[in-house]
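Novice: Sequence:
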Amino acid sequence: MSKLTASAGLAWIRQGFGLFRKQPGGLMLLMLAFMVVAALLSIIPLLGQLAQFILAPVFTAVFVQACAAIDGNQRLTPDMLRPIFQKPIFPRLAGLGSLFVLAAALLAVVMVSIVGSDTIRALAEQKLTPEAAAAGNFGWAMLVVFLLSLPLSMAMLFAAPLIYWQKMGVGKSLFYSFFAVWRALRTFILFFACWVLIIMLTTKVVLLLAGGGLFGMALVQSLWMIIAMIFQCAVYAAYCGIFGAPGSPASPSADNAG
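In case it helps, the UniProt record's numbering puts the sequence shown at residues 1 to 258.
Check before you lean on any hint, since a few could be wrong.
[Said to hold, decoys possible] Restricting the straight-line Cα-Cα distance to at most 27 Å, the calculated cross-link-like pairs of lysine-lysine (DSSO-like) are: (1) K3 / K204; (2) K3 / K87; (3) K87 / K172; (4) K172 / K3.
Calculated directly from the structure, the hints in this document are not laboratory data.
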């Protein structure tokens, strides 16, 4: 893989904003469709919530395909999305989501084993006091879970588009995604640090202008939804920068990421 400079992360963010500006209406409609599906699934107790996480990589594949269409100055059509819902892509994406659910469950077990069930119960009931959090090593537990979740996030970042565009299996996609991020770690540190800064600054500006009431919080929620879409566009730009544009011959980075 060609060595990426840290500034490449800024370029991906700019490209993400540029993609969103091309077809904001279509991307908003796509996000709305996802929210409707999520709301319908949430009606089903427990299983519906699990299904949302299992199907999250499917939505990721849909969204990056939308980004590819926009990047190619095309309109997204159902024909473009059909392969995502066919074999072998759909089972692999669902398998990826299932692995994520399993990993999240293991992280939850680690959390409970450190802080204890009483602290978790108090947190769920919003009765966790600073004294109880300190006594239960809550801060230490959060740090441990955060550190353990980093390799999971690195492996998941590009796994869905690799399954979809590169026709990789679940394990291979996780491997390639992890090492792609690892070998450009400085770039991704700047990339994610900028996104944290963007979220913090824009949220603060909205709350200062609209206040912290119901209207202000509604605007913040809408802002976060837009930022989430632009972030996905930037992840697509990062994928292209590392693995090559979809439909093009595999880049050297894809062959040598391991």
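Novice: Take the hints in turn and mark each one as holding or not.
Specialist: Hint check results:
no. : hint       : result
1   : K3 / K204  : 36 Å, violated
2   : K3 / K87   : 35 Å, violated
3   : K87 / K172 : 17 Å, holds
4   : K172 / K3  : 22 Å, holds
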